[in-house]
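Based on the hints, put chain B with the ligands in the right spot on chain A.
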Amino acid sequence: MKSSHMRHRQQQFGFSLLTLMTLFTVIPIAGVVIYILILGTPAINWEFLTGFPREGMRAGGIWPAIVGTFYLTLGTSVFAVPFGIGAAIYLSEYASDNRATQLIRIAIINLAGIPSVVYGLFGLGLFVLFLNFGTSILAGSLTLSIMTLPVIISTTEEALRAVPQAFRTVSISVGATKWQTIRRIVLPQALPGILTGVILGLERAAGETAPILFTVAAFFLPRLPNSPLDATMALPYHLYVISTQVPGMPIKIQYGTALVLLVFVLSMNIIATSIRSRARARRQW
Amino acid sequence: MNKISIQNYSLQYSDGTESLRNISLEIPANQITVVFGPAGGGKSSLLRVLNRLNDLADVIHQEGNVYLDSVDILSNKLDVINLRRQVGMVFARPVVLPFSIRQNLTYGLEVAGEKDTERLNYAVENSLHKAALWEEVKDRLDDPAIALSGGQQQRLCLARVLALEPEVILLDEPTSGLDPISTGKVEASLQDLKRDYTIILVPHSVQQAARTADLAVFLLQGELVETARGEVMFTNPQDQRTEDYIQGRFG
Ligand SMILES: Nc1ncnc2c1ncn2[C@@H]1O[C@H](COP(=O)(O)OP(=O)(O)OP(=O)(O)O)[C@@H](O)[C@H]1O
Ligand SMILES: [Mg+2]
Chain A
1 MKSSHMRHRQ
11 QQFGFSLLTL
21 MTLFTVIPIA
31 GVVIYILILG
41 TPAINWEFLT
51 GFPREGMRAG
61 GIWPAIVGTF
71 YLTLGTSVFA
81 VPFGIGAAIY
91 LSEYASDNRA
101 TQLIRIAIIN
111 LAGIPSVVYG
121 LFGLGLFVLF
131 LNFGTSILAG
141 SLTLSIMTLP
151 VIISTTEEAL
161 RAVPQAFRTV
171 SISVGATKWQ
181 TIRRIVLPQA
191 LPGILTGVIL
201 GLERAAGETA
211 PILFTVAAFF
221 LPRLPNSPLD
231 ATMALPYHLY
241 VISTQVPGMP
251 IKIQYGTALV
261 LLVFVLSMNI
271 IATSIRSRAR
281 ARRQW
Chain B
1 MNKISIQNYS
11 LQYSDGTESL
21 RNISLEIPAN
31 QITVVFGPAG
41 GGKSSLLRVL
51 NRLNDLADVI
61 HQEGNVYLDS
71 VDILSNKLDV
81 INLRRQVGMV
91 FARPVVLPFS
101 IRQNLTYGLE
111 VAGEKDTERL
121 NYAVENSLHK
131 AALWEEVKDR
141 LDDPAIALSG
151 GQQQRLCLAR
161 VLALEPEVIL
171 LDEPTSGLDP
181 ISTGKVEASL
191 QDLKRDYTII
201 LVPHSVQQAA
211 RTADLAVFLL
221 QGELVETARG
231 EVMFTNPQDQ
241 RTEDYIQGRF
251 G
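Protein chains in written order, with the working numbering: chain A, 1 to 285; chain B, 1 to 251.
Next up, chain A with everything else stripped away, as it sits in the complex (with noise of 0.2 Å):
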């Protein structure tokens, strides 16, 4: 009896305890959010989204920062996606499971642990300087793409290997080709999955400053690019100026573009989760 009693108190401790250590880990996160939120609500405002800096960044608006992240986000989607999905078809589908396609999968996780600055180093390296691109979208975005790259390919590697196998056996059993089963059954199946991925890759993209540094990102460039071979400012480049390079800068201007930058990067992970927990409650198998 007494031993029964004592059970249930150790397991309601121990629940208790779990719970706790959830909400130590929940509230830095929701305090980093609201603190953001408080600090940074004030400065929004119509002109600060659309207009451009002013008196050294210390007024005015964002907006080429804003317009600089959307092409940096677009230019390495155009590269890294059909590269990343392309070699991931290969590797899950095509690829014999030998010790050269092992290697290249090792390569592949190890790319995604490198610091972001070694990405960038290497964008300056190569596409800067050696290509002589420039500090110039085109060269960012590509810098962009190889660090987003591993993380497309394992994940689009993920979910065509989710998809059943026995969906391809039967298909080519029923006189499909190899690449018609993936196609139609495989990739349509898949696609919830690698859209995850994709944009998981693109918000990492969008939200990094080392990558940019050295490849594109502008100090201070008042105008719109208007060709991939033009620098040009970026929300994380620009926080990082703003809250360290420029003195007597108002604290709303810095925690205002915190905001905006966590808005848009909030905004792809809540569309990347709403489309996984759709593509799970319809899926059929």
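By construction, these hints were calculated from the structure, which means they are not laboratory data. Given the structure is predicted, the values throughout are model-derived calculations rather than measurements. Errors might be hidden in some of the hints.
[Unchecked claim] 27 Å max Cα-Cα, derived DSS-like pairs, lysine-lysine:
no.	chain 1	residue 1	chain 2	residue 2
1	A	Lys178	B	Lys115
2	A	Lys178	B	Lys194
3	B	Lys130	B	Lys77
4	B	Lys77	B	Lys138
5	B	Lys130	B	Lys115
Frame of chain A, contents of chain B with the ligands only:
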């Protein structure tokens, strides 16, 4: 007239053991040939030879000859896609594709380039009739196929094969997951179908083998032990090993 002729055929997967050893077998048209025997005997492997589905497995060695209507189907010049349309396969677990009922049936034709709606519709209705499923699904052809019961799904898989108007139908333990009533329906369909098709069935029990076999083939550890007419095989087997298996003394 024999539809399929297998001559001294051997097969080895990458694990190194010979899964089929020097098999010779004549399979007659318009009959049900039952291939039975204990687990791991090579029954599925033999079926997968006939539609070249073994191309997907890591086969390291095969030798011998296999002819379908005197066409060498092991030849690497063979049009494998075409062979798979001629030789359809129903698997043990009903695998419906993640589409509607109708799309499950038209898939094979569409990948073959058929676009004519009338012909596709005809194939849908005709194949469902043949698989004895039409009455149950005719009002919901555009519903997801996954919503069907297990037995209905398996008959849909049979219909999917029939939609391609094949000549040979391979069935690998098609009723292993079904209740007796669904099993009865599938078996009854097969009896109807053999008028038009050559049927090769791996049964899920000796009883089913005895019920359905015109010709029976006993496979034991990759070796073809005995071939006989069904009524002979299950009443008066010639080989002691066959008799032991049928009597339930092993396997
Ligand atoms: N794709 C494969 N790769 C490697 N070995 C295989 C493969 N398929 C079958 N084998 C091997 O070949 C042998 C025969 O297997 P097979 O599946 O043909 O037997 P079976 O008679 O159908 O058995 P069961 O009654 O269990 O379905 C087994 O030893 C099996 O391990
Ligand atoms: Mg088998």
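Cross-check of the supplied hints:
| no. | hint | verdict |
| --- | --- | --- |
| 1 | A/Lys178 to B/Lys115 | holds (20 Å) |
| 2 | A/Lys178 to B/Lys194 | violated (31 Å) |
| 3 | B/Lys130 to B/Lys77 | violated (33 Å) |
| 4 | B/Lys77 to B/Lys138 | violated (41 Å) |
| 5 | B/Lys130 to B/Lys115 | holds (22 Å) |
Violated hints, in rising order: 2, 3 and 4; the structure is consistent with all others.
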